[in-house]
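Asks: Those protein sequences? They're chains A and B, same order as listed. Under our numbering, read the first sequence as residues 1 to 302, first letter to last. Under our numbering, read the second sequence as residues 1 to 147, first letter to last.
Among the clues, some could well be false.
Claimed, not checked - Below are the EDC-like pairs computed for lysine to aspartate or glutamate, each with C-alpha atoms no more than 20 angstroms apart in a straight line: (1) B:106 / B:51; (2) A:279 / B:25; (3) B:35 / A:287; (4) B:36 / A:268; (5) B:49 / A:260; (6) B:146 / A:287; (7) B:49 / A:287; (8) B:35 / B:25; (9) B:146 / A:232; (10) B:103 / A:268; (11) B:106 / A:232.
These aren't lab readings, by the way, just hints derived from the structure by calculation.
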Amino acid sequence: MALKKLLGGIVVLGAIGAGAFLFITAPERLPAETWAAAGEPDLANGERIFHAGGCTSCHAAPGAADDQKLVLAGGLALKSPFGTFHAPNISPDETAGIGAWTLAEFGDAMKRGTGRDGEHLYPSFPYASYARMTVKDIADLYGYLKTLPKSGNVAPGHDLPFPFNMRLALGGWKFLYLDEVPRVALASADETVRRGQYLVEGPGHCGECHTPRDVLGGLKTDLWLAGGPNPEGEGRVPNITPAEGGFGSWSAGDIASYLETGFTPEFDSVGGAMVSVQKNMALLPKEDREAIAAYLKAIPAH
Amino acid sequence: MKFRTLAAAAALAVIGAGAVVAADEPQVVRQEMMKKVGGAMGALAGIAKGEKPYDADVVKASLTTMSEVGKAFPDQFPAGSETGNETEASPKIWEAMDDFKAKAAKLGTDADTVLASLPADQAAVGAALGTIGPNCGGCHEVYRVKK
Numbered sequence: 001m002a003l004k005k006l007l008g009g010i011v012v013l014g015a016i017g018a019g020a021f022l023f024i025t026a027p028e029r030l031p032a033e034t035w036a037a038a039g040e041p042d043l044a045n046g047e048r049i050f051h052a053g054g055c056t057s058c059h060a061a062p063g064a065a066d067d068q069k070l071v072l073a074g075g076l077a078l079k080s081p082f083g084t085f086h087a088p089n090i091s092p093d094e095t096a097g098i099g100a101w102t103l104a105e106f107g108d109a110m111k112r113g114t115g116r117d118g119e120h121l122y123p124s125f126p127y128a129s130y131a132r133m134t135v136k137d138i139a140d141l142y143g144y145l146k147t148l149p150k151s152g153n154v155a156p157g158h159d160l161p162f163p164f165n166m167r168l169a170l171g172g173w174k175f176l177y178l179d180e181v182p183r184v185a186l187a188s189a190d191e192t193v194r195r196g197q198y199l200v201e202g203p204g205h206c207g208e209c210h211t212p213r214d215v216l217g218g219l220k221t222d223l224w225l226a227g228g229p230n231p232e233g234e235g236r237v238p239n240i241t242p243a244e245g246g247f248g249s250w251s252a253g254d255i256a257s258y259l260e261t262g263f264t265p266e267f268d269s270v271g272g273a274m275v276s277v278q279k280n281m282a283l284l285p286k287e288d289r290e291a292i293a294a295y296l297k298a299i300p301a302h
Numbered sequence: 001m002k003f004r005t006l007a008a009a010a011a012l013a014v015i016g017a018g019a020v021v022a023a024d025e026p027q028v029v030r031q032e033m034m035k036k037v038g039g040a041m042g043a044l045a046g047i048a049k050g051e052k053p054y055d056a057d058v059v060k061a062s063l064t065t066m067s068e069v070g071k072a073f074p075d076q077f078p079a080g081s082e083t084g085n086e087t088e089a090s091p092k093i094w095e096a097m098d099d100f101k102a103k104a105a106k107l108g109t110d111a112d113t114v115l116a117s118l119p120a121d122q123a124a125v126g127a128a129l130g131t132i133g134p135n136c137g138g139c140h141e142v143y144r145v146k147k
């Protein structure tokens, strides 16, 4: 009798727990007025954010060159310890792409990782960084994306083993790792450093590769930008904090010059996944590259 | 005692011989070549950015280095040098040796073209870098594995 009661209690508690999990971790949408307030998009700023975010690096067809990079047909395979993700088509095609999405749907994907059908998106789409973006920049970016060519390409789905194929669990991931809090507290930051912080921590999503991850794939934010193993294969993603004997020997001018030309201070050329990142950074206004450099000199060394 | 000294000396000799052999390894030779080109690029970029004064001798020497390396570089990839000595050479080099050689040779011919009418001022050095610079990334993006 007592045992039966106990078991019953456990079942009830379990049900409450599961219910609470689903309630707390349900895909979130921002209030509709958030996006209604954005106004007409500024397409020039949208293009600037597009380059800062490096959308083409993942969403252009693999191997696309020059103008073809503006066709965001998707399909790139992104290997990870959790399985292989495939970047979707985000061209303005109404069926294969996101042409039929509203700004609110696009914005909720960017800032909350919530898909059009109210599903959790995988954080391989770096919304945990984009959450820090302003509503205005997201609206301008969406306006700009709509001006790009359409593609009817249907990108393959993600190839993930159990349990990572369960989207419901992503609610828990978001509960742990999705917020809009600055990654580092900078005691005294001028306007340039703050702009750099915004670009690096938000649209630029630099920390997604340059910060090590824990077993659940969340960023170890106490090691912000300290580098780590390359999730896509051999080698390491470099530490880009001002560490003595390492990246700290690069001046702000060296960093800005590298982002513009692709040459390190020793005149080695940019390599690996950073090649396409640097090409996007080269398209930014000079003051944005200088802001990124100033921020990277201002953060704590690891 | 004497034996120990002898053994130590022998050990040192072996290490020394090892070092000599390593310096001749193609992986090391080509790494040194790329460092020379990097140094030459740096010298030219310093002038182009106005950080260093224009110096015709420096410009000529830097371009000559690039020309020489461009010609000799593709010969440093014999069979058996695919791995080892921390090489960053991609296996694609040996799969597409002709294309790789053509890309390396282009660095040499581009440097020769610029040498033929030596850049005479800061702006001309900048323009020359615009011609030569893309060779670095153009080849590295395909044939170099960044670790």
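Asks: Would the pair residue 146 of chain B and residue 232 of chain A pass a check requiring their Cα atoms to be no farther apart than 20 angstroms?
Replies: holds (12 angstroms)
Asks: Taking 20 angstroms as the top limit, are the C-alpha atoms of residue 146 of chain B and residue 287 of chain A close enough?
Replies: violated (28 angstroms)
Asks: Hinted pair, alpha-carbon criterion (20 angstroms max): residue 35 of chain B, residue 287 of chain A. Please report holds or violated.
Replies: violated (31 angstroms)
Asks: Regarding the pair residue 106 of chain B and residue 51 of chain B, is the alpha-carbon distance no greater than 20 angstroms?
Replies: Status violated; Cα separation ~28 angstroms.
Asks: Given the hint that residue 103 of chain B pairs with residue 268 of chain A, does the C-alpha gap stay at or below 20 angstroms?
Replies: Status holds; Cα separation ~17 angstroms.
Asks: Just to be careful, I want the Cα atoms of residue 49 of chain B and residue 260 of chain A compared with a cutoff of 20 angstroms; is the pair within it?
Replies: holds (13 angstroms)
Asks: Would the pair residue 279 of chain A and residue 25 of chain B pass a check requiring their Cα atoms to be no farther apart than 20 angstroms?
Replies: Not satisfied, since the Cα-Cα distance of roughly 34 angstroms exceeds 20 angstroms.
Asks: Please work out if residue 106 of chain B and residue 232 of chain A have their alpha carbons no farther apart than 20 angstroms.
Replies: Not satisfied, since the Cα-Cα distance of roughly 32 angstroms exceeds 20 angstroms.
Asks: With the threshold set at 20 angstroms, check whether the alpha-carbon distance from residue 35 of chain B to residue 25 of chain B stays at or below it.
Replies: Judged against 20 angstroms, a Cα distance of about 16 angstroms means the pair holds.
Asks: Taking only the CA atoms, is the gap from residue 36 of chain B to residue 268 of chain A under or equal to 20 angstroms?
Replies: holds (11 angstroms)
Asks: Given the hint that residue 49 of chain B pairs with residue 287 of chain A, does the C-alpha gap stay at or below 20 angstroms?
Replies: Within the cut-off at roughly 17 angstroms; holds.
Against the hints set out earlier in the document, violations occur for numbers 1, 2, 3, 6, 11.
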